[in-house]
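Starting from the known structure of chain A, arrange chain B on it as the hints suggest.
Chain by chain, the residues run as shown.
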Amino acid sequence: MSVLELVANGLIFSSILVLGSIGLSLIYSIANFANFAHGDTMTVGAYSALVTFGAVGGLGGSVLGLPYGFFVALLVGAAMAAVVAIVTEKVVYESLDIGSIGLLITSIGIAFIYRGLIQIGFGADFTRFDIVALRPIEWLIPYGIRVTHHDVAIVISAAVLVGGLHVLLQYTDLGRKMRAMADNPDLARISGIRTKRITLWTWVIGAGLAGAGGVFLGLFNQLAPRMGFNLLLLIFAAVILGGIGSIYGAMLGGFLIGMISQLTPVLEMVGIPIGIEYSNAIAFVIMVVVLLVRPTGIAGEAT
Amino acid sequence: MVDDIKRKLNRRNLIKASGVAGITAFAGCISTSDDDSGDGDGGEGSDGSDSGGDESGPYSIGMVDSLTGSLSAFGERNQRGKDLALGRVNELGINGQDLDIIVEDSGSENQGGISAAQKLVNQDSVPFLIGAVGSGVSIAIYESVIQETDVVQLSQNSTGLNLTDFPGLLRMSPTGRAQSLALANIIADDGYDSVALTYVNNDFGQSLTDAFVDAWDGEIAYNSAHDQEQSSYSSVMSEMNNSGADAWLFITYQAEFTTMVNEAFSSGYEAQFYGADSAQGSGVLEGTPEGSMEGMKITLPSAPIEQENYQAFASAFEEEYGQEPTSWAAYAYDCVINAALAIQAADEFTGAALQETVGRSHDHRASKCRPSRMRMRSSPTAGGPRTSTTRASVARSTSMRMAIRSASYRS
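Heads up: the sequence lines are chains A and B, in that order.
When the letters of the first sequence are read in order and numbered with the numbering used here, they come out as residues 1 to 303.
When the letters of the second sequence are read in order and numbered with the numbering used here, they come out as residues 1001 to 1411.
Excised from the complex, chain A in its bound form:
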């Protein structure tokens, strides 16, 4: 098994983590609390896509082994996640005046609600998208890399979404306002920015990315009510590693955590006898070490 194969696996897993961690970081820096319901937002997106894909079907052609209907379902999944997040924000978070820790605990309750509703609707058992599984890409096998077209699609789509976010943040009006709000909400409000509206847009984008991440997670692995929650710990580690409040830090953190958790077999290849059941533990140890050296996380305060 070559290192290249592990790197490829890490790249695919990182893409999903990155989509989750960016959303979380956005919501933290602008809505100003850590959203424990973020993992379950991913689950909401995934199940919405499941329903849509079941209703819409294949829609004729396919690209990279994924039918067009899947991409439609992806958009619907992201949109549903955004809608659910907005509704929660309007109904629950906005009216609470309890500071960021109170909101964090509230979000834990919201997470249970999301998960419970999904379980009521879909049962506790796991399920999959109705997409034919693929064999690895032929011409990559000699290099030791075993990925399917689906994996390539995941990486490309994640790259497109992240690139789109970068363009949004740097070159559009909305992005400028979001960065201003993340930096100093009071000054932003004084200079005429409508903070409530920007907060809503942040929820849309953050939850939408999470929903997309959830759909890809469902494609990569399988759908179960706990799928997002199981990933939440890694996503938080990614956000903290990359630096709280920094979007680009979250991207970097997601990438690093994903790579580390998949590259653990390298340790055994090099002779250090640490088994792969410790891969998560290793990722967290590295996160702690980075925090000790640089307490603000890698990318610290910059947005």
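It is worth saying that the hints were derived from the structure and are not from the lab.
The C-beta atom is built at its ideal place from N, Cα and C for all residues, glycine as well.
Among the hints, erroneous ones may be present.
Claimed, not checked - In silico contact screen, one side only, chain A against chain B (beta carbon under 10 Å); selected entries: (1) S107; (2) P136; (3) I276; (4) S279.
Claimed, not checked - These stretches of chain A come out as covered by chain B in the derived footprint (C-beta under 8 Å, 3 or more residues): (5) 97-105; (6) 119-131; (7) 209-223; (8) 228-239.
Using the frame of chain A, we list chain B on its own:
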């Protein structure tokens, strides 16, 4: 400057709060679902009186089941068996009262199981607890909740070998030692002398693997644990492929196994798969590509299918649910019947009295539930698999009783 301090405080608070919240979140990881089965006056049973049911109400016992999580398929099977048994018992009643079973969800995790058991024992004051599915969960419940009390604990589905070390912890299902022996024999008979194995990182996986390693004569090319409920097991599959063995053994649960099969398929790995019973189920068949588990063999503990009372149970089950019963449903059925018989034979409805009638004795290992010790009067549930006969046939020599199924998944 003020902003910096505000920010710093927020971040410090965030990290503190995340730690607290993380612990709270994981502690609250169970979803309790109260399931009061029984009829009309079922509510009276759980009113916090010292003995959970007296002359005025039904007898309330508790059940910790895996309604969600990795073992939810077993939870479903158990519920079917338990509902059928409960219907039977309440048709005839116990001393004129109904039996009421309060079901709580363990979430297939130790912590969830302990919380569920605590609620049943402390709040509902049940003297008899049927639980749990996962072996680690059963042991955790026993050590944390049951051991200090005189509540009777009877596990419906735990097959881990370590339950035998706890004489107060009874179980209806056979120990997994026989499965491990059978697997070692099957793989050797198929001509492989090298096997790569992976097991789920809990009591069940570890104890069955240890027994397999003891029984296996050939080479073990790869042996590693993996965690439950992870999103990706590609490193495990890569390493198994790298080990060079052609026989791969999976002692793991359905969701995890489905992920592994899919990853093996999409990486183009080919090998002969073997598994313990926990790895099979309809979810696995639906979730994996056609032909990906070609020729896989699993071992499965069997109920005494030749016996008359089992066949009567099986036809009643099929009538009710339209499908054949699994051994697991039969074990859960047995647990309920056993409880009912114990209650009927006891002088009073307390844990201490039930300990006597359920047949616990210091000389016997936990893996044998000994209702033959009980004075069996005319049983109200004559139709179901009598626990004494089931137990006897199971105890006689479980290694011979292994139903070895060659599951060729969609050739």
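Going down the list of hints, with the structure as the test:
1. S107: holds (9 Å)
2. P136: holds (5 Å)
3. I276: Nearest chain B Cβ about 5 Å off; hint holds.
4. S279: holds (7 Å)
5. 97-105: holds (count 4)
6. 119-131: holds (count 6)
7. 209-223: holds (count 4)
8. 228-239: holds (count 4)
Hint compliance for this structure: every hint is met.
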